[in-house]
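Trainee: The residues making up each chain are set out below.
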Amino acid sequence: MVYSSAIAIWYNRPIMQHPKLQTWEVYLASRDALRTHALEAAAELVAGRDALARSMLADFRFGRRGDWVNSGLTRLQADLPVVSRRSLAATLSSGDAIRAPSGENARNTWRGHRRYTSRQCREELEPTIHHRIAWALAELGGIAAWIEDTERAAWSRKSYVLNPEKDALAAMMWVKWSNRDVWTIRSDWDETYLEPARRSFAGVMSQRKLPRGVQATVFDRLAGSFFFFLCNFKARTPGWAALAARVVEGSGAGPVDAIAPLVGDTSRAVLSGCAAERGVRARTVAQLWPRYRYAARRSVELGDALASQPESAEAFLDAHIFFRLLACWSKGDALAPDASVNVVLQARSRSRSRVRAVLAEHDRQALVDAVLALDGLHARTSEAVSRLAWSWARDELRYDYPFDIERPLTAPCRPIVSSAPELDPASTAAVGSWVRLVVVKGQTARLVRWVELGGTGDKDPTWGRLLSKELPRSLADEGKSGRNATYHGLRMHLGDALDVYLASSIDLFEDLAALAVLLETRKGKRSLATRFLGLLERGWHEAIPAPKSGFPTFVQNVSAALPILRDRLGDLP
Amino acid sequence: MNDNQLLRYLANALEPGHREEVEAQLMRSPELRVRLEALAREVDSRLAPRNRWRIPPPGVPSGRQTFSVASRRLAIMGRPLAPGDLFEIAIAPVPLPESVWFAILSHGADGWEVRFPDSEAEVVALSDIPADTDGQRRIQVRASGQTGRQWWAVALVPMDLAIDWTLAPEARWSPLIDGIADGTVGVTSLEVEVEPLRAD
Chain A
1 MVYSSAIAIW
11 YNRPIMQHPK
21 LQTWEVYLAS
31 RDALRTHALE
41 AAAELVAGRD
51 ALARSMLADF
61 RFGRRGDWVN
71 SGLTRLQADL
81 PVVSRRSLAA
91 TLSSGDAIRA
101 PSGENARNTW
111 RGHRRYTSRQ
121 CREELEPTIH
131 HRIAWALAEL
141 GGIAAWIEDT
151 ERAAWSRKSY
161 VLNPEKDALA
171 AMMWVKWSNR
181 DVWTIRSDWD
191 ETYLEPARRS
201 FAGVMSQRKL
211 PRGVQATVFD
221 RLAGSFFFFL
231 CNFKARTPGW
241 AALAARVVEG
251 SGAGPVDAIA
261 PLVGDTSRAV
271 LSGCAAERGV
281 RARTVAQLWP
291 RYRYAARRSV
301 ELGDALASQP
311 ESAEAFLDAH
321 IFFRLLACWS
331 KGDALAPDAS
341 VNVVLQARSR
351 SRSRVRAVLA
361 EHDRQALVDA
371 VLALDGLHAR
381 TSEAVSRLAW
391 SWARDELRYD
401 YPFDIERPLT
411 APCRPIVSSA
421 PELDPASTAA
431 VGSWVRLVVV
441 KGQTARLVRW
451 VELGGTGDKD
461 PTWGRLLSKE
471 LPRSLADEGK
481 SGRNATYHGL
491 RMHLGDALDV
501 YLASSIDLFE
511 DLAALAVLLE
521 TRKGKRSLAT
531 RFLGLLERGW
541 HEAIPAPKSG
551 FPTFVQNVSA
561 ALPILRDRLG
571 DLP
Chain B
1 MNDNQLLRYL
11 ANALEPGHRE
21 EVEAQLMRSP
31 ELRVRLEALA
41 REVDSRLAPR
51 NRWRIPPPGV
61 PSGRQTFSVA
71 SRRLAIMGRP
81 LAPGDLFEIA
91 IAPVPLPESV
101 WFAILSHGAD
111 GWEVRFPDSE
121 AEVVALSDIP
131 ADTDGQRRIQ
141 VRASGQTGRQ
151 WWAVALVPMD
161 LAIDWTLAPE
171 ARWSPLIDGI
181 ADGTVGVTSL
191 EVEVEPLRAD
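Chains as they are written, first to last, in our numbering: chain A, 1 to 573; chain B, 1 to 200.
Quick caveat, the hints were computed from the structure, so don't treat them as lab data.
Hints are supplied without guarantee of correctness; some may be wrong.
Stated by the list, open to error - Each pair of labels, with its calculated beta carbon distance range: (1) B:R50 - A:P310: 40 to 50 Å; (2) B:D110 - A:A485: 24 to 34 Å; (3) B:R138 - A:D369: 47 to 57 Å; (4) B:A70 - A:V82: 23 to 33 Å; (5) B:A70 - A:A253: 46 to 56 Å.
Unchecked claim - Reference excerpt, derived from the structure (chain A facing chain B, CB under 10 Å, subset only): (6) T109; (7) W146; (8) G213.
All residues carry an ideal CB built from backbone N, CA and C; glycine is no exception.
Work out the full structure, taking the sequences as your base and the hints as a guide.
Mentor: This is how it looks when you write it as structure tokens:
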């Protein structure tokens, strides 16, 4: 039996002595302390005092960063969770109201007790502001402690079997990977590490009940691909380096703390740029540095924070999780105990895979040096292969097992444009016309989000057309055209100059908004298009298609944008 | 606890904290232990015996001296390739074609099998295959009986690789298998789509 040894691990242990298991009484005591603290802290916070609430965030790694905690508490009060009465009670009601579990449920993990409590609680609480804040603080407090233990401390509790002979062989093979001298180690590598990879593939195939005829081919493809998947030296993130990053993740108190010190200047610039510019992490960065309007500046701030202390990486990741949870809860999502934990797992997994990919691209020697400094290298490598192969197997399953070694498991971050490009006068005129078109089409708010956050946060088709159809190709990033066109350079340019463009057009917008009067008469409506285009076409650049229809809506759009623009431009120094 | 967690536990693919959580649940729940054992049996039964062949996936040339291949269906009244039809494998130019002979392999239900040559007398140096004007050498191969995607491979074997032709195939090809693994034998695979022959 291949797995008999794995099963023996828990058969041979004394039952109920596992550190993750706690009695109902112990769980209830910690829950009671947390909910009491949270109810007091929420009452204080509603009254304008935040000391207790701050203390509840102390278990997060950003808990000592006063400015980040301030941002977090501000966000918490602005985006209150939308929680049902039952859910509120499950977290905040007295434990006396919950029937104690019996039998095997009397001892459980923290997550298991939480699930039980959520199911069993029959009470309801009013969704007052006080209760909603208290609920969030209690949930956050529990999750912070769980992250600290499960996602960090557990890595230091893990021990690896030493095997001097196999560890020496593993070290030799790691050196060969880094030297690209791989043909001489292929047999040994496959002999040693193909089996853990096969077990992961078998697990994924079992889960999906793949037909057995298919799986024989999958195993043969895996056997032929395994080596090439790792040694694809042309790839930006060769598999062996990504595997090395996974090995190093297991070397410290937690995976992020373990690899953060290896992040070099280039990797740091890419990571902070990606975080500040892309997806949901960009919103976290914007909330942590609210005084900076543009992503480029926030990227620099994040880079500086990461450079000053490697521990800042975990602090940032905790802050990201904090803001993600608040964002989900404020929409009524991820309220169930496991759903909250899944948000945590997803955010950590994605962030860590990005870091691994960037390290594999830019800091390979540092990775190899760190790998070679570890003991128990064979066991560590074997475990890392298992985890990598699990992700690989799921990825292959998604694409029907093509074993395309060119496709990395994690797409590396694309380098962002680090400074705004110099535009010639013609391009500047085209950008000015495009910005006017954006306002006319009612996309002002999306333009601002795109420039400041790196994305609009939705997939609005009108905005999509403005980017894909109504910008001249000359404004796309170099080497990117057609459907792959990107506009990081333009965005950086607007990061510096959007307000200048808007300010230079504000009189035009006032004039366009004033055309609303024409909508009051039939004759006026007939002349609207001509009058509108007559105003708009002054200084209009021919590379930008002028609007053709929908002029009443355009007037309304400009009218709606004006107060926002006046407010924004009035902020300018 | 879902099967995904248990299967990852069995594959040693869980991170330490999550492994601890699974272990804790296993300790407290006899039912979960029964489920784990059932899953272990299921996975064990799926783990086919290891195949020693190391044929890369299509499009990935393997070996210290790599080469590329392409397949082409031979025109048969405009219909798709059917079981038993001939198709063509074009081998791109390689340096010193007189120093290697070629072997054709196909993948079936029992794994990889050398389809050609079957005896020492059939060994043909690559240079003995006439090259086109573009330097490609074309070999005609008959598709096997299975429909769907068929997986084929071409190996270029150094003339000095010692093959004991008196042995049964399993033992005979051991030097070829080792040569592919250590890169002294170049190998490239390709797929062809084979459709059932329709009556019309």
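Trainee: Please go over all the hints and tell whether each is borne out by the structure.
Mentor: Each hint tested on the structure:
The given range of 40 to 50 Å is respected by B:R50 and A:P310, whose C-beta atoms sit roughly 41 Å from each other. At roughly 50 Å, the beta carbons of B:D110 and A:A485 sit outside the given window of 24 to 34 Å. For B:R138 and A:D369, the Cβ-Cβ distance of about 50 Å falls inside the hinted range of 47 to 57 Å, so the restraint holds. Between B:A70 and A:V82 the beta carbon distance is about 59 Å. The supplied range of 23 to 33 Å is therefore violated.
Checking the proposed 46 to 56 Å range against B:A70 and A:A253 shows it holds: the Cβ atoms sit about 53 Å from each other. For A:T109, the interface hint holds, since its Cβ comes within 10 Å of a Cβ in chain B; the closest pair sits about 5 Å apart. The restraint placing A:W146 at the interface with chain B holds, with a minimum CB-CB distance near 9 Å, inside the 10 Å limit. A distance limit of 10 Å between C-beta atoms decides the matter here; for A:G213 the minimum to chain B is near 7 Å, and the interface restraint holds.
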